[in-house]
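Just so you know, the sequences run in chain order A and B. Once you know that position 150 of the first sequence is 148 in the working numbering, the rest is easy, because the numbers rise by one and skip nothing. Once you know that position 57 of the second sequence is 55 in the working numbering, the rest is easy, because the numbers rise by one and skip nothing.
Hints in this document: simulated from the structure, not taken from any laboratory. A hint or two may mislead.
Chain A regions said to be covered by chain B (calculated; three or more residues, Cβ under 8 Å) [what the hints assert, rightly or not]:
1) 7 to 21
2) 51 to 61
Derived pair list, reagent style SDA-like, types lysine to any residue, alpha-carbon separation capped at 20 Å [said to hold, decoys possible]:
3) K126(A) - P92(A)
4) K126(B) - A105(B)
5) K126(A) - P106(A)
6) K126(B) - R80(B)
7) K126(B) - R82(A)
8) K126(A) - S153(A)
9) K126(B) - P108(B)
10) K126(A) - R149(A)
11) K126(A) - A105(B)
12) K126(B) - L104(A)
13) K126(A) - A105(A)
14) K126(A) - M154(A)
15) K126(B) - K126(A)
16) K126(B) - A152(B)
17) K126(A) - R82(A)
18) K126(A) - S98(B)
19) K126(B) - D102(A)
20) K126(A) - M150(B)
21) K126(B) - S98(B)
22) K126(A) - R100(B)
23) K126(A) - L104(A)
24) K126(B) - G83(A)
25) K126(A) - P151(A)
26) K126(A) - P106(B)
27) K126(B) - A85(B)
Heads up, the beta-carbon is just placed ideally off N, CA and C, and yes, glycines get one too.
Number of protein chains: 2
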Amino acid sequence: MTDDRGPAVQQFYPDDVAHCYGCGRLNPQGLRIETRWDGEETVARFVPRPEHTALPGFVYGGLIASLIDCHAMGTAAAAAERARGRAIGDGPAPRFVTASLRVDYLAPTPHGPELEVRARAVEVGERKVLVRATVAAAGVVTARGEVVAVRMPASMDRAPRP
Amino acid sequence: MTDDRGPAVQQFYPDDVAHCYGCGRLNPQGLRIETRWDGEETVARFVPRPEHTALPGFVYGGLIASLIDCHAMGTAAAAAERARGRAIGDGPAPRFVTASLRVDYLAPTPHGPELEVRARAVEVGERKVLVRATVAAAGVVTARGEVVAVRMPASMDRAPRP
């Protein structure tokens, strides 16, 4: 049994940086990806919309890249907090952005089942976190990702932080 | 001056594989990315929708990955045809799928201007094409991509080919 129904990182992004198309809780058109701890890993679950097709019957690769990307940013935030002894929800979550994203598509991803995205922060620095992720459909891993997350630079920050 | 208003590769994907969320002309909710030759390069242009935000004011990285992904598949198809002495529109375009995708985000991409995605097929094999791409906003390159495209495997092909 997994215990992955705790709070999601994205619920604790400050309001002014919670509009991401992939994972912002304040983006009504977005995907609303949510990242939760499950032991030493994180997990996100997502059911592709009917229009998220690549070839008929298979999930669009750009969606898979998006799931990996946003879940990796959430994982970086959760891992950075855990490294400081803090749990999700102990305060505002730190906001990371993507420096690089690599996705290997191992097999076509069937369209229909809920996708399970799992990730681990394999290197956690003060400014940079390296995340590895998998995407699985019906228990079969169909894609792997490696993502470099960096703290949101001041140049992207349009609001004063408390 | 560039001359990039010729036919788009995606107009010539066979109907039964023209539903891709990123570039399928038969996906009404999709992004409808279009790939055209511009000399030795290919180009695609796209104006992000209002909801395609990362942090406010900047374009969602998953969208940038999607633009690079689909434009690279279109570039692979166009390059494979050109290697056989054929132009876009001389017949149905061959369908490639993504084996791997790497995106380096060099700078935040401002939300507002039309994005210009440029690509080159740097290795064109019978089964595999390596594509390098850039994304620029207002003339500034903000992301680079490297994509391995492979011919659609028979396992993804649900219709008999003529």
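Okay, the hints, checked on the actual structure:
With 6 residues having a beta carbon nearer than 8 Å to a beta carbon of chain B, the stretch 7 to 21 of chain A meets the requirement of three or more and the stated coverage holds. A stretch counts as covered by a chain when three or more of its residues have a beta carbon under 8 Å from one of that chain; for the stretch 51 to 61 of chain A and chain B the count is 10, and the coverage holds. Between K126(A) and P92(A), the direct Cα distance comes to roughly 12 Å. Compliance with the 20 Å bound is thereby established for this hinted pair. Taken as a hint, the K126(B) and A105(B) pair is broken in the structure, with Cα atoms around 30 Å apart against an allowance of 20 Å.
Restraint check for K126(A) and P106(A): not satisfied, since their Cα atoms lie roughly 31 Å apart, outside the 20 Å limit. Taken as a hint, the K126(B) and R80(B) pair is honoured in the structure, with Cα atoms around 14 Å apart against an allowance of 20 Å. Note on K126(B) and R82(A): the hinted pairing is violated, with a Cα-Cα distance of about 45 Å set against a maximum of 20 Å. At roughly 17 Å between alpha-carbon atoms, K126(A) and S153(A) fall within 20 Å of each other, so this suggested pair holds.
With a C-alpha separation of about 33 Å, the suggested pair K126(B) and P108(B) falls outside the 20 Å cut-off, and the hint is violated. As the CA atoms of K126(A) and R149(A) are separated by approximately 7 Å, the hinted pair is consistent with the 20 Å bound. For the proposed pair K126(A) and A105(B), the alpha carbon gap of about 16 Å is at most 20 Å, so the pair holds. A distance of roughly 15 Å separates the Cα atoms of K126(B) and L104(A); the hinted pair therefore holds under the 20 Å criterion.
Taken as a hint, the K126(A) and A105(A) pair is broken in the structure, with Cα atoms around 30 Å apart against an allowance of 20 Å. Distance restraint check for K126(A) and M154(A): the Cα-Cα separation of roughly 16 Å lies within the 20 Å cut-off, and the hinted pair is therefore satisfied. With a C-alpha separation of about 34 Å, the suggested pair K126(B) and K126(A) falls outside the 20 Å cut-off, and the hint is violated. The straight-line distance between the Cα atoms of K126(B) and A152(B) is roughly 15 Å, inside the 20 Å bound, and the hint therefore holds.
Of the supplied pair hints, the one linking K126(A) and R82(A) holds, its CA atoms being roughly 14 Å apart against a limit of 20 Å. With a C-alpha separation of about 23 Å, the suggested pairing of K126(A) with S98(B) is violated against the 20 Å cut-off. For the proposed pair K126(B) and D102(A), the alpha carbon gap of about 15 Å is at most 20 Å, so the pair holds. At most 20 Å may separate the alpha-carbon atoms for a hinted pair to count; K126(A) and M150(B) exceed this at roughly 36 Å.
At most 20 Å may separate the alpha-carbon atoms for a hinted pair to count; K126(B) and S98(B) meet this at roughly 11 Å. Proposed proximity of K126(A) and R100(B) is supported: the alpha carbons are some 18 Å apart, at most 20 Å. Note on K126(A) and L104(A): the hinted pairing is violated, with a Cα-Cα distance of about 27 Å set against a maximum of 20 Å. Using a Cα cut-off of 20 Å, the hinted pair K126(B) and G83(A) is violated, with the two alpha carbons roughly 47 Å apart.
Under the criterion of a C-alpha separation no larger than 20 Å, the hint pairing K126(A) with P151(A) is consistent with the structure, at around 11 Å. About 17 Å separates the Cα atoms of K126(A) and P106(B), which keeps this hinted pair within 20 Å; it holds. For the hint pairing K126(B) with A85(B), the CA-to-CA distance comes to about 19 Å; that is within 20 Å, so the pair holds.
Hint compliance for this structure: hints 4, 5, 7, 9, 13, 15, 18, 20, 23 and 24 are not met, and every other hint is.
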